[in-house]
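Protein chains in written order, with our numbering: chain A, 1 to 114; chain R, 115 to 225.
Watch out, some of these pointers could steer you wrong.
Computed footprint of chain R on chain A; a stretch qualifies when at least three of its residues, placed anywhere within it, have a C-beta under 8 Å from a C-beta of chain R [stated by the list, open to error]:
hint, stretch
1, 45 to 57
2, 69 to 78
Per the computed footprint, the stretches of chain R lying under chain A, defined by three or more beta-carbons under 8 Å from a beta-carbon of chain A, are [stated by the list, open to error]:
hint, stretch
3, 182 to 196
4, 212 to 222
No wet-lab data here; the hints were simulated from the structure. By construction, the Cβ of each residue, glycine as well, lies at the ideal position given by its N, Cα and C atoms.
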Amino acid sequence: GAGVSQSPSNKVTEKGKDVELRCDPISGHTALYWYRQSLGQGLEFLIYFQGNSAPDKSGLPSDRFSAERTGGSVSTLTIQRTQQEDSAVYLCASSLSPTRNEQFFGPGTRLTVL
Amino acid sequence: AQRVTQPEKLLSVFKGAPVELKCNYSYSGSPELFWYVQYSRQRLQLLLRHISRESIKGFTADLNKGETSFHLKKPFAQEEDSAMYYCALKKGETSGSRLTFGEGTQLTVNP
Numbered sequence: 001g002a003g004v005s006q007s008p009s010n011k012v013t014e015k016g017k018d019v020e021l022r023c024d025p026i027s028g029h030t031a032l033y034w035y036r037q038s039l040g041q042g043l044e045f046l047i048y049f050q051g052n053s054a055p056d057k058s059g060l061p062s063d064r065f066s067a068e069r070t071g072g073s074v075s076t077l078t079i080q081r082t083q084q085e086d087s088a089v090y091l092c093a094s095s096l097s098p099t100r101n102e103q104f105f106g107p108g109t110r111l112t113v114l
Numbered sequence: 115a116q117r118v119t120q121p122e123k124l125l126s127v128f129k130g131a132p133v134e135l136k137c138n139y140s141y142s143g144s145p146e147l148f149w150y151v152q153y154s155r156q157r158l159q160l161l162l163r164h165i166s167r168e169s170i171k172g173f174t175a176d177l178n179k180g181e182t183s184f185h186l187k188k189p190f191a192q193e194e195d196s197a198m199y200y201c202a203l204k205k206g207e208t209s210g211s212r213l214t215f216g217e218g219t220q221l222t223v224n225p
């Protein structure tokens, strides 16, 4: 079956603009995660959704970042008033459940803020 | 807070040589440890996890709780092993499922 998909694959925006990044998890996966991969750094956890529970937002770097997951499936990560330091690859992953820990990653969205 | 350290950003070996990618962690509980790999122009994927105690593509990793390490080893490296390798930690089965990643090691296997 299809893996995790993300769109767009690349996004170039101007400083101060808002962007939306989309993630389609694997069908039936209840857990969804967003990570950020910045140049020269590892993967940084951003936010985690599990079913209908309140999301774990502890990794969001500022209140300019928000995410939602509609209908327990598709998720959107929104960055408001983008800054140059937001430039990174944003990765989405999903897993069957929190205890079935293999996280399947999408191809990522490369965000460039000019 | 938990932390994962991969001391080598770059590692270069020759084909057929042994390779060891180092991973150390700090966490007071009982973690689950993973190695993820990202080949060129491919997405990040799970290589192995410590609870499985299996060998994948000739790689093994043993969790050493005394030394808080989870080093990845392969006795004879192949050119196709060239990739970015990430060590990751999860705070045990019953905890929230987020992974804490190290900064990664870029492995190059030369012919």
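A quick look at each hint next to the structure:
no.: 1; hint: 45 to 57; in the structure: holds (count 4)
no.: 2; hint: 69 to 78; in the structure: violated (count 0)
no.: 3; hint: 182 to 196; in the structure: violated (count 0)
no.: 4; hint: 212 to 222; in the structure: holds (count 7)
Hint compliance for this structure: hints 2, 3 are broken, all remaining hints hold.
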